[in-house]
Every structure is written in C-alpha cells, then in structure tokens.
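A.B. asks: Sequence:
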Amino acid sequence: FQVLYSDTDSCFLLAGSNTKEDVQRFVESVNKKLPGRMELEFKDLYARGIFVTKKGSALERGAKKKYALMDEKGSLTIVGFEYVRRDWCQLAKKTQKAVLQHVLSEGRPEKAIELVRRTVEDLKKGRVPVKELAIIKQIRRPLKKYVSIGPHVAAAQKAVKKGREMGMGSVVSYVITKKGNSISDKAELEEFVHEGNYDAEYYIKHQIVPAVIYILAEFGLT
42 FQVLYSDTDS CFLLAGSNTK EDVQRFVESV NKKLPGRMEL EFKDLYARGI FVTKKGSALE
102 RGAKKKYALM DEKGSLTIVG FEYVRRDWCQ LAKKTQKAVL QHVLSEGRPE KAIELVRRTV
162 EDLKKGRVPV KELAIIKQIR RPLKKYVSIG PHVAAAQKAV KKGREMGMGS VVSYVITKKG
222 NSISDKAELE EFVHEGNYDA EYYIKHQIVP AVIYILAEFG LT
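Under my numbering, the first residue of the sequence shown carries the number 42, and numbering increases by one thereafter.
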C-alpha cells in the first residue's frame, strides 16, 4: 500500500486494486507483529477523500486537522470541519456538508459551486429562515465581567434588558440582524428576531464563503 498520510495514531493508505479482504489480511499480519496491547484497527475502505490544507503548509500538516471521506455506500466521515462545531450557523454547516457530498460523490466541483451560488442568492433575497442562521455560544463568565463584548455577550445583555435571565453558563442562540453599526450591535437572541431581519452580507462573508472556499480551493477555485 502507498501511504497517503500518517501520524501518531492513524495511517491513511491508498488501497489501489486491493479489496477490503486484502486490507483486513494486511491488518491481521501487522497485529501479529505488534508488541503488548498495541493493535492496528481497520476503520473502513473509502471511495474518495479530501484533505484540506492550510494556506502555505504541506499536505501532511493540513490533513491532520481537516478531512472528509466517503465510503462505498456514500456515507461521510467528517473531521475538523465547521460542520462538527456549534459556533457556526446551520445554513453554513448544511452548505458545507452538501459541498463535500457533491465533491466526493463525483470528484468534480461544478454542482457544489452551483449550490453555493443558490445559497448566496437565497440569503440576499431574504428567503432563509432565521432558525438556520442562529449561532450558538456559551456565556463563560458573569456578563458584567466581560471587557470585550462579542456578539453573543451583546445579545445576552440585550435579552436581560427584555426580562430574560442570562448569566454564566447560559447558552446563547443569536442572529446578526440588519440594525446596528458593529456586529455586536446587530446581534439579537434568535427568539426576538423577525423572519427576514438578518444581515445577508455578514452571513455570506463570514459564514457561507469561509465554510466552503477552502474546500473548493483544492480544485484551484477562488
């Protein structure tokens, strides 16, 4: 097998013409030679994968942090992407997953590009439900102790003025609205935001494009 990438606890191999049975026999042969309780585990055989690099770094550094694999049944394994984090809105995560599915199922970015363009257009025309734009963060200290007021803190402070109980440990689900000068000014608790009252440019530039551009950049796209 040709080694694609390896680190302290995992190794990605290019199977080539080898079958899953060939891989399993290889694993068994390795395990007979490993000392003590060390054991090589066969995770799965994947039809395609994408390893996203960091700008200016080698593939080996990028692969450790962000990769997505598609097995022979079309199921995805996603590691290190925004899709698995809760501080990105559902629309960004959903778009990112769909881009990965298009890219890995066909090996081409055309459908993924079209999907992103439609998403941007929906945002600009106010078609996206507010619940898909909520960003979730936790308050980690008393509100009065914050020196730098991020959007989640600002949204919590405004909610307190409206009678909501918010404090250390509270989970804030907020939306960036149209009204205000800074991002923090525009942040409001999702439950207080009317449909269509969101800053489309913010979500395009800070959620949708950042979630997909480095995947598409692997195909030479800007």
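Rather than coming from a laboratory, the hints here were simulated on the basis of the structure. All C-beta atoms, glycine included, are put in the ideal place defined by N, C-alpha and C. Treat the hints with care, as some may be off.
Subject to a maximum C-alpha distance of 25 Å in a straight line, what follows is the list of computed DSS-like cross-link-like pairs (lysine-lysine) [claimed, not checked]:
1) Lys178 x Lys219
2) Lys219 x Lys202
3) Lys135 x Lys178
4) Lys166 x Lys114
5) Lys73 x Lys107
6) Lys165 x Lys219
7) Lys152 x Lys134
8) Lys138 x Lys172
9) Lys178 x Lys73
10) Lys166 x Lys203
11) Lys165 x Lys186
12) Lys152 x Lys178
13) Lys135 x Lys114
Using C-beta positions, here's what the derived DEER-type ranges look like [what the hints assert, rightly or not]:
14) Ile224 x Thr49: 49 to 55 Å
15) Glu232 x Asp128: 15 to 21 Å
16) Glu232 x Gly77: 43 to 49 Å
17) Ser223 x Glu82: 45 to 51 Å
A.B. asks: Could you run down the list of hints and mark each one as holding or not?
C.D. replies: Here's how the hints hold up against the structure:
Only pairs whose Cα atoms come within 25 Å are accepted, and Lys178 paired with Lys219 is accepted, the gap being roughly 20 Å. Restraint check for Lys219 and Lys202: satisfied, since their Cα atoms lie roughly 20 Å apart, inside the 25 Å limit. Of the supplied pair hints, the one linking Lys135 and Lys178 holds, its CA atoms being roughly 18 Å apart against a limit of 25 Å. Straight-line distance between C-alpha atoms of Lys166 and Lys114 comes to about 36 Å, which puts the hinted pair past the 25 Å bound.
Taken as a hint, the Lys73 and Lys107 pair is broken in the structure, with Cα atoms around 32 Å apart against an allowance of 25 Å. Distance check on the hinted pair: Lys165 and Lys219 sit about 12 Å apart at the alpha-carbon level, within 25 Å; holds. Among the hinted pairs, Lys152 with Lys134 is consistent with the structure: their alpha-carbon atoms are about 17 Å apart, no more than 25 Å. Distance check on the hinted pair: Lys138 and Lys172 sit about 18 Å apart at the alpha-carbon level, within 25 Å; holds.
Taken as a hint, the Lys178 and Lys73 pair is broken in the structure, with Cα atoms around 47 Å apart against an allowance of 25 Å. For the suggested pair Lys166 and Lys203, the alpha carbons sit about 30 Å apart, so the restraint of at most 25 Å is broken. A threshold of 25 Å between alpha carbons decides the hint, and for Lys165 with Lys186 the separation of about 37 Å lies outside it, so the pair is violated. Our distance criterion of 25 Å between C-alpha atoms is broken by Lys152 and Lys178, whose separation comes to about 32 Å.
Proposed proximity of Lys135 and Lys114 is supported: the alpha carbons are some 20 Å apart, at most 25 Å. One distance hint, 49 to 55 Å for the beta-carbon pair Ile224 and Thr49, is violated here, with the actual separation near 39 Å. Judged by the Cβ atoms, the range 15 to 21 Å given for Glu232 and Asp128 holds: they are separated by roughly 19 Å. Hint check: Glu232 to Gly77, Cβ distance near 55 Å, so the stated range 43 to 49 Å is violated.
Taken as a hint, the range 45 to 51 Å holds for the pair Ser223 and Glu82, whose Cβ atoms sit roughly 49 Å apart.
Checked against the numbered hints given earlier, the structure breaks hints 4, 5, 9, 10, 11, 12, 14, 16 and satisfies all the rest.
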